[in-house]
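Enquirer: Here is what each chain is made of, one letter per residue.
2 protein chains.
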Amino acid sequence: MSDPSTPRILVIGAGAIGAFYGAALQAAGAEVSVVCRSEVDAVRENGFSIESKRLGDRVFRPAQVLRAAGDYSGGPPDYALVCVKVVEGTDRAALLRDAVGPQTAIVLIENGVEIEDEIAAAFPQNELISALAFVQVSRIAPGKVRHFAFGDLSFGNYPGGLTARAKQLGALFESAGIKCALTEDVVTARWQKCLWNAVFNPISVMGGVLDTGHILGTAEGEALVRRTMEEVCSVAAATGHPLDRALIGQFIEGTRKAPAYKTSMALDYENGRPMETEVILGNAVRAGRREKVAIPSLEALYALMKMVEMRCMHDAGSRPAPG
Amino acid sequence: MSDPSTPRILVIGAGAIGAFYGAALQAAGAEVSVVCRSEVDAVRENGFSIESKRLGDRVFRPAQVLRAAGDYSGGPPDYALVCVKVVEGTDRAALLRDAVGPQTAIVLIENGVEIEDEIAAAFPQNELISALAFVQVSRIAPGKVRHFAFGDLSFGNYPGGLTARAKQLGALFESAGIKCALTEDVVTARWQKCLWNAVFNPISVMGGVLDTGHILGTAEGEALVRRTMEEVCSVAAATGHPLDRALIGQFIEGTRKAPAYKTSMALDYENGRPMETEVILGNAVRAGRREKVAIPSLEALYALMKMVEMRCMHDAGSRPAPG
Numbered sequence: 029m030s031d032p033s034t035p036r037i038l039v040i041g042a043g044a045i046g047a048f049y050g051a052a053l054q055a056a057g058a059e060v061s062v063v064c065r066s067e068v069d070a071v072r073e074n075g076f077s078i079e080s081k082r083l084g085d086r087v088f089r090p091a092q093v094l095r096a097a098g099d100y101s102g103g104p105p106d107y108a109l110v111c112v113k114v115v116e117g118t119d120r121a122a123l124l125r126d127a128v129g130p131q132t133a134i135v136l137i138e139n140g141v142e143i144e145d146e147i148a149a150a151f152p153q154n155e156l157i158s159a160l161a162f163v164q165v166s167r168i169a170p171g172k173v174r175h176f177a178f179g180d181l182s183f184g185n186y187p188g189g190l191t192a193r194a195k196q197l198g199a200l201f202e203s204a205g206i207k208c209a210l211t212e213d214v215v216t217a218r219w220q221k222c223l224w225n226a227v228f229n230p231i232s233v234m235g236g237v238l239d240t241g242h243i244l245g246t247a248e249g250e251a252l253v254r255r256t257m258e259e260v261c262s263v264a265a266a267t268g269h270p271l272d273r274a275l276i277g278q279f280i281e282g283t284r285k286a287p288a289y290k291t292s293m294a295l296d297y298e299n300g301r302p303m304e305t306e307v308i309l310g311n312a313v314r315a316g317r318r319e320k321v322a323i324p325s326l327e328a329l330y331a332l333m334k335m336v337e338m339r340c341m342h343d344a345g346s347r348p349a350p351g
Numbered sequence: 029m030s031d032p033s034t035p036r037i038l039v040i041g042a043g044a045i046g047a048f049y050g051a052a053l054q055a056a057g058a059e060v061s062v063v064c065r066s067e068v069d070a071v072r073e074n075g076f077s078i079e080s081k082r083l084g085d086r087v088f089r090p091a092q093v094l095r096a097a098g099d100y101s102g103g104p105p106d107y108a109l110v111c112v113k114v115v116e117g118t119d120r121a122a123l124l125r126d127a128v129g130p131q132t133a134i135v136l137i138e139n140g141v142e143i144e145d146e147i148a149a150a151f152p153q154n155e156l157i158s159a160l161a162f163v164q165v166s167r168i169a170p171g172k173v174r175h176f177a178f179g180d181l182s183f184g185n186y187p188g189g190l191t192a193r194a195k196q197l198g199a200l201f202e203s204a205g206i207k208c209a210l211t212e213d214v215v216t217a218r219w220q221k222c223l224w225n226a227v228f229n230p231i232s233v234m235g236g237v238l239d240t241g242h243i244l245g246t247a248e249g250e251a252l253v254r255r256t257m258e259e260v261c262s263v264a265a266a267t268g269h270p271l272d273r274a275l276i277g278q279f280i281e282g283t284r285k286a287p288a289y290k291t292s293m294a295l296d297y298e299n300g301r302p303m304e305t306e307v308i309l310g311n312a313v314r315a316g317r318r319e320k321v322a323i324p325s326l327e328a329l330y331a332l333m334k335m336v337e338m339r340c341m342h343d344a345g346s347r348p349a350p351g
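Here the protein sequences come in this chain order: A and B.
Our numbering numbers the first residue of the first sequence as 29 and each following residue consecutively.
Our numbering numbers the first residue of the second sequence as 29 and each following residue consecutively.
A portion of the hints provided could be inaccurate.
The list cannot tell twin chains apart, which means a pair is met if one copy fits it or any two copies do.
DMTMM-like cross-link-like pairs, simulated, lysine to aspartate or glutamate; straight-line CA separation at most 25 angstroms [as the list claims (entries may be wrong)]:
1. Lys-285 to Asp-343
2. Lys-320 to Glu-258
3. Lys-207 to Asp-99
4. Lys-290 to Asp-343
5. Lys-113 to Glu-248
6. Lys-290 to Asp-126
7. Lys-113 to Glu-281
8. Lys-320 to Asp-272
9. Lys-195 to Glu-155
10. Lys-113 to Asp-145
11. Lys-81 to Glu-258
If you're looking for bench data, these hints aren't it; they were derived computationally from the structure.
Please read all numbers here as calculations on a predicted model, not as lab measurements.
Let's have the full structure, built from the sequences with the hints guiding it.
Expert: Structure follows, in structure tokens:
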């Protein structure tokens, strides 16, 4: 029997991100279960092994390892952590529906902007916490996850504010070594992350994968990055979430100073995985269109990404599916 | 001894295009010599073999096969055909200087817009003919060229007009089965070709080579093509060479109806060859900047191409040079 004061947490979509943060919450004393469709057998047998220089290697054995949220037993969880990648064809509300009770706080740990409304509309009575992960973590084999760098979270309630339960979740993460920037305005925090993501991610997929060094390596390249970031700032401002435009220079200089690296979208592209084009870029483009902001560079990148996705789809159709 | 009425023609840069048109002019009765630095020995021994379903297979044995234009003997040629690809680092004037006499007509058979001024400035006294080739032809081995499709030329004098010598050249080509559209306004003809080239070529290099089917396969893709073509039309108009905007729809529909294919720039990219970014796209961008035309889509494509070229340069530096 678990202590009734122990928070019960269900991680939906325990890929690399879900396993990493689930392990942290378990280390902090929570009772953590996972839904992970494809790797259930491996995880039931061995748990997740998580390699992390920063947090130490560990094995994370979830309380329950489930194929579907509806199999969760013991009553609804206190927190449902949604860690599925938001790509076309994923119905996140359907994944959640069978496990969420009236007291469950839904926590989205996902990329992108304007990703909350769909969940808020499907679960209007539930507390909704929106979280951004600044982490480099990869699944390297079934049940095996490697943590490369970072790990911080930024979150708050959607559409705004910061409840006691959000703070409780922050305290749990902090006690496991995960720094949390709690914010009353998580939507602005999402736009701020989008400022980098919606620009560097799609560009990195062009011309056979460009790393940050290639992207900032010419005057024209840097100017395109800057112009596109200006457009993102204009869209964010038009939606009521203005960003400090000084961030543009800071992001560019910060990226230039770091060793050249490939974005998550470039890695997805190289590995034939679905790319988060729609939430990272498409949602920003749709917001720009809706708010009637001029976004020609964003539109160009978005159109190019749609072409690239079409080619990837054709390629996937003409080769065996990944195992 | 050659007949003094036989036109003497020197082809500078006898790659696939130069060999193909040189062979046609020889078949028409001209005395044709070539400068082809890397393949001199093979061509001296065996000539060029040219496979062409449309014009028939033939062996083209040039009158003189030279390493440099300065080695050309018998006095300056009547026509110097410049068929070198216009890529960064090519000094076309220097390649020509040692062979051009006061009566030599310089004929540029090259891609791009605004490529003539450099040659007009270097040879202000010479007649300058500017020609566009609509041809699909490739070098498949040293001295071996395959003609896949088309072959027509469009040309006229630069900056405008159509002289007797341009017409004489047209008659020679025509008698060898090469259709020539002679024009008093070749600059507008260049912008018209640029309307397709400056759009489909750079896009085709994005995301690991896109064919025309991928490019026009989504609504967003077609919209980007259309917007970028609108920008090219605006630049052409600003330079005094307005295009009929109905061409945009015609080009898109024509491309959609043809079987999906890869552009010349995509093929250059795949084969690690230099791409004609600067003459096909960069010159259009510079013209747009000079004329203060809004060209955000062209600018985005140009910046992406510069990034891709930077990556190709790095890649080329880290692998053995092609043999």
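Enquirer: Please flag the earlier hints that this structure goes against, numbers listed from lowest up.
Expert: 3, 6, 7 and 11
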